[in-house]
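Residue numbers (the numbering used here), protein chains in the order written: chain A, 1 to 322; chain B, 1 to 391.
One or more of the hints may lead you astray.
A short, non-exhaustive set of chain B residues, derived as facing chain A with CB atoms under 10 Å [claimed, not checked]:
1) PRO54
2) ALA55
3) ALA65
4) ALA70
5) GLN140
6) SER202
7) PRO212
8) ALA216
9) MET219
10) GLN222
11) LEU223
If you want the footprint, here are the derived chain A segments under chain B, 3+ residues with CB under 8 Å [unchecked claim]:
12) 50-57
13) 206-214
Since the hints were derived computationally from the structure, they do not count as laboratory data. No experiment lies behind these values; they were computed from the predicted model shown. A virtual CB, placed ideally from N, CA and C, is assigned to each residue, including glycine.
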Amino acid sequence: MSEMRTIKDMPVNDMFVSGHGACAGCGMAVAVKNIMRILGADTTVYVPASCLVVISAMYPTSNFRTPYLFTAFENTGAVTTGIRAAQRRRGLSSTVVGLAGDGGTFDIGLQALSGAAERNEDILYVCLDNEGYMNTGIQRSGATPFGAWTTTTPVGTKVEGKREFKKDIMAIIAAHDPPYAASLSIAHFNDFIKKVEKAKAKKGFRFLHVMTPCVPGWRSDPSMTVEIARMAVETGMWTLYEIEDGEARTTYKPQTMLPVTDYLKLQGRFRHMENGDVAKLQEWLCAKWYLHYGNDMEQPVCATFEKMKRVRHPHEEQLHFI
Amino acid sequence: MKVMVISADHAVAYAAKLARTEVVPSFPITPQTLIVEQLAEFINDGELDADFIPADSEHSVMSMAVGASAGGVRVFTATSSQGLALMHEMLYAVPQSRLPIVMANVNRSLGAASGIWVEYNDSMAERDSGWLQVYVEDNQEALDATLMAFRLAEDRRVLLPVMVCLDGFILSHTVERVDLPEQEEVDRFLPKFVPYNMLDPSDPKLMNPIVPPEYAMEMRYQLDRAVEHSREVIAEVDELFAREFGRSYGGLIDTYRLEDAEYAMLTLGTATGLARQVVDELRSEGKKAGLIKLRFMRPFPFKELCAACRDLKALGVFDRSASFNGGGPVYTEVAAALCNVPTTVTGHVAGIGGRDITPEHMREMYDIVEKASRGEKVRPVTWHGLRGDME
Chain A
1 MSEMRTIKDM
11 PVNDMFVSGH
21 GACAGCGMAV
31 AVKNIMRILG
41 ADTTVYVPAS
51 CLVVISAMYP
61 TSNFRTPYLF
71 TAFENTGAVT
81 TGIRAAQRRR
91 GLSSTVVGLA
101 GDGGTFDIGL
111 QALSGAAERN
121 EDILYVCLDN
131 EGYMNTGIQR
141 SGATPFGAWT
151 TTTPVGTKVE
161 GKREFKKDIM
171 AIIAAHDPPY
181 AASLSIAHFN
191 DFIKKVEKAK
201 AKKGFRFLHV
211 MTPCVPGWRS
221 DPSMTVEIAR
231 MAVETGMWTL
241 YEIEDGEART
251 TYKPQTMLPV
261 TDYLKLQGRF
271 RHMENGDVAK
281 LQEWLCAKWY
291 LHYGNDMEQP
301 VCATFEKMKR
311 VRHPHEEQLH
321 FI
Chain B
1 MKVMVISADH
11 AVAYAAKLAR
21 TEVVPSFPIT
31 PQTLIVEQLA
41 EFINDGELDA
51 DFIPADSEHS
61 VMSMAVGASA
71 GGVRVFTATS
81 SQGLALMHEM
91 LYAVPQSRLP
101 IVMANVNRSL
111 GAASGIWVEY
121 NDSMAERDSG
131 WLQVYVEDNQ
141 EALDATLMAF
151 RLAEDRRVLL
161 PVMVCLDGFI
171 LSHTVERVDL
181 PEQEEVDRFL
191 PKFVPYNMLD
201 PSDPKLMNPI
211 VPPEYAMEMR
221 YQLDRAVEHS
231 REVIAEVDEL
241 FAREFGRSYG
251 GLIDTYRLED
261 AEYAMLTLGT
271 ATGLARQVVD
281 ELRSEGKKAG
291 LIKLRFMRPF
301 PFKELCAACR
311 DLKALGVFDR
321 SASFNGGGPV
331 YTEVAAALCN
341 VPTTVTGHVA
351 GIGGRDITPE
361 HMREMYDIVE
371 KASRGEKVRP
381 VTWHGLRGDM
391 E
């Protein structure tokens with residue numbers, strides 16, 4: 001494993017090259033470009049149905065300089081399993097990576113993902129999480145946060161936005177006890193680099209969960225993509241940690257939890273949210289915060305949610321968080 | 001050569017082993033399960049050097065098969081019924097990606113009025129997927145057709161997946177005498193697998209991207225031509241097989257006592273054995289009855305059927321599945337094939353949901369076709385063995 005430490009050490013040889021069709025300010029394109037730089041040329045890519053397949057592989061062109069395969073939506077865990085089995089038999093050592101969206105991971109692809117994780121397949125699974133089915137035009141997924149507007153959770157006169165909280169995919173992955181799983185942010189780049197490098201070097205099933213802000217889906221300013229990703233971490237909407245051989249470790253802990261409104265106000269998808277829903281989301285976030293970072297330090301924004309501090313996550317001990 | 005008394009499921013597993021299959025993604029489903037169980041045993045006993053991948057579903061099985069085949073190795077799997085239906089989406093990725101995957105489908109009825117017994121409505125529903133489909137009559141043919149399937153699929157003029165279809169239980173769980181070829185013979189017949197396209201970082205290729213309207217139509221036409229051209233390769237492989245193993249199956253279709261026949265049935269699968277017996281009876285009564293055995297449903301033998309039926313006055317077509325309100329799928333396709341031949345074509349649906357087809361049912365089919373051959377008016381489609389009368 002090379003000793004890449006900061007963004008200055010990043011390889012400049014792109015495996016995901018420019019000219020793709022991503023929107024201005026697309027967080028996913030930033031993530032893929034940099035993941036592919038670190039993985040390098042000895043990589044085989046599988047992309048299920050997603051924005052990525054549409055922006056990067058429209059016959060007869062491709063933005064990937066590595067071998068690339070697409071077939072369907074729900075089978076990233078399975079197709080990568082097959083590719084790796086064949087390449088192993090042919091004596092190839094290439095990193096087989098699946099680059100899937102949140103719909104393809106949290107929802108329709110969960111079964112094949114679980115199968116690959118349970119068999120501890122020697123593959124790298126990357127979930128590029130833009131919190132919705134953005135390729136089909138902004139529909140709700142299991143990754144969409146509470147309260148968010150999508151075209152299938154419209155802001156109506158009776159129901160406003162999504163009523164369920166975001167699924168904890170990392171806890172599901174952790175329950176499979178993989179060699180490596182980590183959450184990444186494009187706003188924390190040194191941390192991002194280290195985690196991709198670690199995932200590349202390890203054998204067995206590896207999972208990277210990257211938050212990828214989506215300009216049209218989140219109704220945000222293209223210039224604010226990285227800032228939104230940063231604010232997600234500062235408010236607890238996104239947490240940075242890794243689980244390595246069963247041990248969970250926080251890789252970045254904000255000093256003070258910022259109110260969720262600092263995150264919400266940057267995006268049009270939350271604009272409609274009333275105080276009651278904001279408080280409900282804040283309460284959920286406080287429980288998540290204390291779970292991840294411990295409750296030894298009171299967070300002022302959580303002062304009104306005393307009870308939540310004592311709520312224990314069902315996987316708390318398994319994840320060794322506190 | 002070794003003689004064994006084994007089920008067709010085991011015969012297929014032996015064929016996949018003799019073919020030196022390298023990756024076997026699998027998921028259990030009755031009546032296919034014996035195949036993957038046997039392959040797992042071969043692998044765990046060190047008799048076959050292959051990766052056995054226990055998948056989470058048949059959808060994942062075909063996804064793994066695509067990944068492994070695109071990764072450059074020989075892939076075999078097996079399924080039935082609901083499993084094939086669950087694979088449906090992935091089946092379509094295979095022919096257009098020109099991946100020579102071989103799969104056994106042990107025919108079993110699909111869907112509500114659910115059962116585990118033989119019916120062809122599972123594989124018939126996939127006849128437009130681009131997979132080649134062969135239906136077999138007995139356990140020996142199950143083994144032989146599977147071996148031939150690899151050779152056919154991997155031929156550079158074809159490069160298409162092949163589905164070997166065999167009757168659930170009637171073949172899958174019934175033991176028969178099977179001549180098991182020697183490994184050296186099979187190695188001569190089936191050369192080492194050399195992938196045409198593969199995912200290799202030293203020669204990066206883009207496989208199966210999104211294809212806009214400017215290109216998709218040509219690709220589909222190329223697929224249409226590849227299926228058409230597989231006809232000649234099927235004939236060649238049948239000859240090659242006969243030279244190596246001494247058994248021949250006639251390619252797309254086979255015929256029985258058809259030379260001077262005035263009327264005949266067309267059958268596929270195990271019903272063919274029964275039809276042979278009935279033809280012999282009819283011949284002994286002096287009737288000019290014959291038989292056409294349909295082996296390949298894809299490619300469909302349009303030309304071969306027209307040639308075979310030239311002197312027939314009437315042809316009855318057996319179907320073990322229904323294409324509701326139109327008889328069965330084989331009937332409609334045969335009728336289309338023979339639209340320029342002055343042969344009357346009648347449809348005969350039987351054996352649905354695994355119901356036994358008796359010699360009486362088959363005799364009834366022949367009697368109707370004989371009437372049609374004399375110009376008498378008969379039902380276009382008859383369901384045989386139905387409890388109660390037809391409407």
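Evaluated hints:
{"no.": "1", "hint": "PRO54", "result": "holds (7 Å)"}
{"no.": "2", "hint": "ALA55", "result": "holds (6 Å)"}
{"no.": "3", "hint": "ALA65", "result": "holds (6 Å)"}
{"no.": "4", "hint": "ALA70", "result": "holds (6 Å)"}
{"no.": "5", "hint": "GLN140", "result": "violated (31 Å)"}
{"no.": "6", "hint": "SER202", "result": "holds (8 Å)"}
{"no.": "7", "hint": "PRO212", "result": "holds (6 Å)"}
{"no.": "8", "hint": "ALA216", "result": "holds (8 Å)"}
{"no.": "9", "hint": "MET219", "result": "holds (9 Å)"}
{"no.": "10", "hint": "GLN222", "result": "violated (13 Å)"}
{"no.": "11", "hint": "LEU223", "result": "violated (15 Å)"}
{"no.": "12", "hint": "50-57", "result": "holds (count 3)"}
{"no.": "13", "hint": "206-214", "result": "violated (count 0)"}
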